[in-house]
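Chains as they are written, first to last, in UniProt numbering: chain A, 1 to 422; chain B, 1 to 422; chain C, 1 to 422; chain D, 1 to 422.
No lab work stands behind these hints: they were computed from the structure.
Here the structure is a predicted model, which means the values were calculated and not measured.
Treat the hints with care, since some could be wrong.
Heads up, the list lumps identical chains together, so a pair's fine if it works in one copy or across two of them.
Quick list of in silico lysine-lysine cross-link-like pairs, DSBU-like style, CA-CA up to 35 Å [to be verified]:
hint, residue 1, residue 2
1, K159, K228
2, K2, K294
3, K214, K173
4, K228, K294
5, K274, K214
6, K228, K173
7, K262, K159
8, K214, K2
9, K159, K214
10, K228, K274
11, K274, K173
There are 4 protein chains.
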Amino acid sequence: MKLTVVGGGSTYTPELIDGFARLRDTLPIEELVLVDPAAERLELVGGLARRIFARQGHGGRIVTTSDLDAGVEGADAVLLQLRVGGQAARQQDETWPLECGCIGQETTGAGGLAKALRTVPVVLDIAERVRRANPNAWIIDFTNPVGIVTRALLQAGHKAVGLCNVAIGFQRKFANLLGVTPSEIHLDHLGLNHLTWETAVRLGGPEGENVLPKLLGEHGDTIAADLKLPPALLDRLGGVVPSYYLRYYYAHDEVVRELGTKPSRAAEVAAMEKQLLEMYGDPALDEKPELLAKRGGAYYSEAAVDLAAALLGGGGNPYQVVNTYNGGTLPFLPDDAVIEVQAAVGAHGPVPMPLPDVDPLFAGLVANVTAYEELALEAALRGGRDRVFRALLAHPLVGQYEYADALTDRLIAHNREHLAWA
Amino acid sequence: MKLTVVGGGSTYTPELIDGFARLRDTLPIEELVLVDPAAERLELVGGLARRIFARQGHGGRIVTTSDLDAGVEGADAVLLQLRVGGQAARQQDETWPLECGCIGQETTGAGGLAKALRTVPVVLDIAERVRRANPNAWIIDFTNPVGIVTRALLQAGHKAVGLCNVAIGFQRKFANLLGVTPSEIHLDHLGLNHLTWETAVRLGGPEGENVLPKLLGEHGDTIAADLKLPPALLDRLGGVVPSYYLRYYYAHDEVVRELGTKPSRAAEVAAMEKQLLEMYGDPALDEKPELLAKRGGAYYSEAAVDLAAALLGGGGNPYQVVNTYNGGTLPFLPDDAVIEVQAAVGAHGPVPMPLPDVDPLFAGLVANVTAYEELALEAALRGGRDRVFRALLAHPLVGQYEYADALTDRLIAHNREHLAWA
Amino acid sequence: MKLTVVGGGSTYTPELIDGFARLRDTLPIEELVLVDPAAERLELVGGLARRIFARQGHGGRIVTTSDLDAGVEGADAVLLQLRVGGQAARQQDETWPLECGCIGQETTGAGGLAKALRTVPVVLDIAERVRRANPNAWIIDFTNPVGIVTRALLQAGHKAVGLCNVAIGFQRKFANLLGVTPSEIHLDHLGLNHLTWETAVRLGGPEGENVLPKLLGEHGDTIAADLKLPPALLDRLGGVVPSYYLRYYYAHDEVVRELGTKPSRAAEVAAMEKQLLEMYGDPALDEKPELLAKRGGAYYSEAAVDLAAALLGGGGNPYQVVNTYNGGTLPFLPDDAVIEVQAAVGAHGPVPMPLPDVDPLFAGLVANVTAYEELALEAALRGGRDRVFRALLAHPLVGQYEYADALTDRLIAHNREHLAWA
Amino acid sequence: MKLTVVGGGSTYTPELIDGFARLRDTLPIEELVLVDPAAERLELVGGLARRIFARQGHGGRIVTTSDLDAGVEGADAVLLQLRVGGQAARQQDETWPLECGCIGQETTGAGGLAKALRTVPVVLDIAERVRRANPNAWIIDFTNPVGIVTRALLQAGHKAVGLCNVAIGFQRKFANLLGVTPSEIHLDHLGLNHLTWETAVRLGGPEGENVLPKLLGEHGDTIAADLKLPPALLDRLGGVVPSYYLRYYYAHDEVVRELGTKPSRAAEVAAMEKQLLEMYGDPALDEKPELLAKRGGAYYSEAAVDLAAALLGGGGNPYQVVNTYNGGTLPFLPDDAVIEVQAAVGAHGPVPMPLPDVDPLFAGLVANVTAYEELALEAALRGGRDRVFRALLAHPLVGQYEYADALTDRLIAHNREHLAWA
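Kindly generate the complete structure, drawing on both the sequences and the hints.
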């Protein structure tokens, strides 16, 4: 089995490697290719990756290359974890929307649209090259905004699945609170990537008993505190758990005020990356450093291993939360919308599990954001100022023409080098 | 033919009477009953109504009564035009949301929810009494919020149609700009009451040529200026004309600022009503005074005559914009949502005309507001603080829990006397 | 010695009575007159007042009357604690400014201006009648806004001193934290009523050692938490303690958001007053109920006793924080500004103690608010829409013409019955 | 007579040269030195300067140099017109404050503080070198923020006067509206640089008849429109004309919204500068191009000539609006505050003309901003995060600790290379 990671030079990669090493029984990788154009950084990361495999006695071979076509040749699955424009672009995404009183965030709102516009053409080009090299390879997309990117891949006919760590994070947290093993927890997880609610927490299987009422009764305060939302809100939502990203909606103005009254995260993240790369260069280091845990992305490697194993016909838990075509699962959305739900995953790909009726309180917002995502993808594929404006006007967190106009100007000004049409 | 107007003591009624008089060939009313609990005002209005009929040589009889059951007895159609709580409640609806930085408006946002909560139980009670008196009578609802009220009536099994004057206003305006007669204009009008776009303007019939591009090319500036929106926005929306109420969405913060930096309209409206009633008491007055035109509601009488005529099997134009069940017309909404579109209206009721695909830019917002309306109706029917909160949280112009909370408290505090459960 | 309390029917009066009883050695009252036009309430309060005196063995006579001229006849000092328009007006003051995005508060900002406009003419009329009855009587004003009201009194040539409980509150709190008796604490307290900073806390006398650095070092967190301000802010202000009212400035937008996302206090306060009056009617009650402590105004009675004793030539601590003419104490303000500082008080009245140089960080704001107070007083004395507008434009928490305009309209509309010129 | 212009390579310089050429009778320059470290740009500008002198028959010599010490040697007056950090820094100043909901502007608010912090140390160093080279030379400062920079210069004992073109602009405009020559107009101009009001417009001399009421009566609408303020506001201010910069105060939120909903001016200004420099390189160009008029700074050259002539003992109008020590002119400010008023200027320097009492509506704000300027200068001279925070907290357009904190972080992050202590 051969896996390729595009964007393998990310400082995040050791987390993934650690997961591959620990879970080698589930996913017996023979060759792992890390592809990245940043040769120097790739060598630092690749070196540590090899030392982690070695220390843990993993026999797989780790190859590093800046040649994408060579790197994907013969791969059974290709993982995409890239960041077009790097941390500098992220910093921009988080900053200029604030000038217009809008949240600055890398997946939600105007910043997320900027990221989509930069990313979709690059990912589609990579996917095309993967298909040419190996039409049967699965593409697993971690690259944000996962919903829009996955829709772009599926619309272009690729064998792609989108993956996010929000669901696996809740699974681990709930398992911990309930004192069970994570694999016993099945989530009624519904919505779009970064716009989801856990409406049931089932024990033992997708039809298992719903213990969410009990969980909220006993641990509602803890769960709400983690989300920085008041516990009463979870009750009023009907006894469900919204994802952390819902805070950008439910407490929008508070978040804008927080972001506008805090120093920006740029220096912080840049400093951490610099420190990590210095550590990786130490030949004595042969495990992921603790600092890496602060960088976000917890449990991504577990989710990736599970998903790759299931797609490549290995065993393991077939029920996984993924991004895939709706196909009637959420009846209020078009069939070709990409949703994030629990699916039964096999070599054929993911098949969403049926869900009970969705509360209008969630359905209305999901429908609205789906319309935004459709327009965002159109802007990413076809370009043009008006398409950017229309996507922003459609976004429930923008929605006003003056802001949409000003954000459009800023988005284009700050991303001109990444936008072929601008 | 017998018609009953519930809320017939409104200062607006002379407008309706004038229309009934002018259009008596289309709608040959034999008896018109004005029902209103405000006896004194009813007499002033009723007197003027009789003088208008007399002056125009209309032979119909006008009856005034405060007894609803007597008034609806034997009616072929019952028109609802009431305002629970009167102008004082409206004034409240327009004021307290501003304390939370939200727009104060009588149909949109938190104020509109307050109005729905006050109105739905009253209207359902009236409708029940109409049904008991005459199960075949049509109920024509002008009472705002028309979408929610109509949904309440239809859900309870009433023979009801909702009517608004936005579409007929555009029809008249466009006819005027194009130099044709209004009846030649057919609108692709779509969305929900007070959340609509004209996506085509057809000449000659529902399948006629779309002259909207030409109309916008020649008169876009005029049309946009009336809506207080920039002409470029109409282009970017795809060459469509949004209703005036979309400004509450597309320019939300600007409107909040306007409302918060202007004196409230209460004194103004109250003064106008007082002045009108004084005029009505003048036995020499036998036509609607000019001042009435400033009160809003232009062309309502024409729309009402056309609709009543069509429902009661009279001839006239069968194509009318009404509020009725979706039934698949807008495929992205539930069948039992109430939408506002052009329909073929006959004695069987309205049948929506098919529409082309809807731009996601409109569909997303419509789906979101439909979800709100479902929750608003639930709150109106079943009461309870949490249901009010949920409806407000679902509203795209509220959406944040802190505001939803504060608005809920204020809504209840200001409407306690009208809310059985509070 | 005879004292008269104008507004003696306030639910707050038992607090004052309790103080008079406890501190009878300092202020040996022979006759106490409670004057109030609300006869019924006055009887409830007066009854309890007599029972408190009786229980504590105070031999003074308590008289209740609604006749102001009779009540002030022969009084050595007259205490003013009235609320023109009652709690209903306060509720308005706290509400309508929020419609314009401004804080609603009864002494600060637009609400405070409304209160000044209602109160100044009433207080001046009372003072005139006091002077006629007894030109040597001292007027002690607790009535808010104390700064503007005191300036009005002094400008009209009355023997008046303004009193607030902010300083005595800090004195008690600091004494408690330091483990000393309150009388040992002398404050360098400076600024205007409700716009003050404690810049030194001295032990033993007005020239005593400044222990504020030590106090902040040990208890800064506690002190800041009480003020709902971050401890670091106290350091950055230069190691001083701002009054609670500075939060309306230093955290203005946060406070507006709090006020707009909380239910208004009206119902709460009204409910408490109702409950207190019920208690007062109980003939078995002969002490101030605990609930009264929640109504605000802690230590007012102690401050009043000390001030009256000093003014009437009794002994006691001559150093008290009062509102009086500046006269060069704060050199950056006009001599006839009314400031709030520590003064040496005797039968001749208060003489401000000298103060070190004032940090520009405080002086700039104090100068700005002094200019507002001058314009506010002009509006209160001479009336007129433009004068109201000018005062609001001058207020640092308003400052913008659109808000000043909208607030002016609302202030007048909500206070018409109290404004002779409107 | 020898004049030196520090920052002589500015694209603005040809405007100054044009003025020197036209007004050579008033100011007979024999040698003009343009000093600038940007050698290439200086040559372009210097070339055009020489051609303008030549075309207009001015016999003065124009020298260009990047050596400051050489350039100021023997100068009778040194004009400072520099921009530390260039247009890029200005672009920053105009942008990051918006992230915190504060105006982005290069002299007012947080952006103005950033400019002060960058500029004061550089200007003081230049002034010191001027003094060493020629202790009798006058320093004329155009460099913004002129008020703070002039105060820095005067405090350090330099022979300095601050100059701004706001007053001369009003003089020209009023002269035009009144149909008189500018020199007949004398202004009661008062306040601080960029925070001024014209409270009288006098004809013929500093004691001449005040025609401002007449001027506002006839041309109030035009004057208000230029300021983007409503004409009624000018009346309510008492019939005075505020400077354009007062709009940042009187319409603060509207301006923030404008700035946040417009593309930033960076590209625009940069493009204009590029275009101008291309023009300057054309050897056929021998006059200032029309485009230069759009760059701002109208009449600066006339003001500079008048001021230099008066300071150097030439004749001309001695009455000029300048920035100099208060010295009791505005009695509510410290003597060592720097104010902007009409002064009698001679070889001894400027002596402010007496002014009538100042309306508290202006005095309050002026006092507040003066306190800010004192703290801003302290921060510029002594550095440190806390001093920056204190200046921002003192600024009436900031005033809140959360914003002051966030702005401090951003100010430092964006200006680190210009702040020795950061």
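Okay, the hints, checked on the actual structure:
For the homomeric pair K159 and K228, neither the shortest alpha-carbon distance inside one copy (37 Å) nor that between copies (48 Å) is at most 35 Å. Proximity of K2 to K294 under the C-alpha cut-off of 35 Å is restricted to the intra-copy arrangement: shortest distance 29 Å within a copy versus 64 Å between copies. Within a single copy, K214 and K173 get their C-alpha atoms as close as 15 Å, which meets the 35 Å cut-off; across copies the closest is 45 Å, which misses it. For the homomeric pair K228 and K294, the shortest alpha-carbon distances inside one copy (18 Å) and between copies (31 Å) are both at most 35 Å.
For the identical chains of this complex, K274 and K214 are neighbours neither inside a copy (44 Å) nor across copies (42 Å), given an alpha-carbon limit of 35 Å. In this assembly of identical chains, K228 and K173 lie within 35 Å of each other by CA distance both inside one copy and across copies; the values are 16 Å within and 33 Å between. Taking the closest pair of Cα atoms, K262 and K159 never come within 35 Å of each other, the shortest separation being 42 Å inside a single copy and 42 Å across copies. In this homomeric assembly, K214 and K2 never come within 35 Å of each other (Cα to Cα): the closest approach is 43 Å inside a single copy and 60 Å across copies.
Within a single copy, K159 and K214 get their C-alpha atoms no closer than 39 Å, and across copies no closer than 45 Å, so neither meets the 35 Å cut-off. Taking the closest pair of Cα atoms, K228 and K274 come within 35 Å of each other only inside a single copy of the chain (29 Å); across copies the shortest separation is 38 Å, beyond that limit. For the homomeric pair K274 and K173, the shortest alpha-carbon distance inside one copy (30 Å) is at most 35 Å, but the shortest distance between copies (49 Å) is not.
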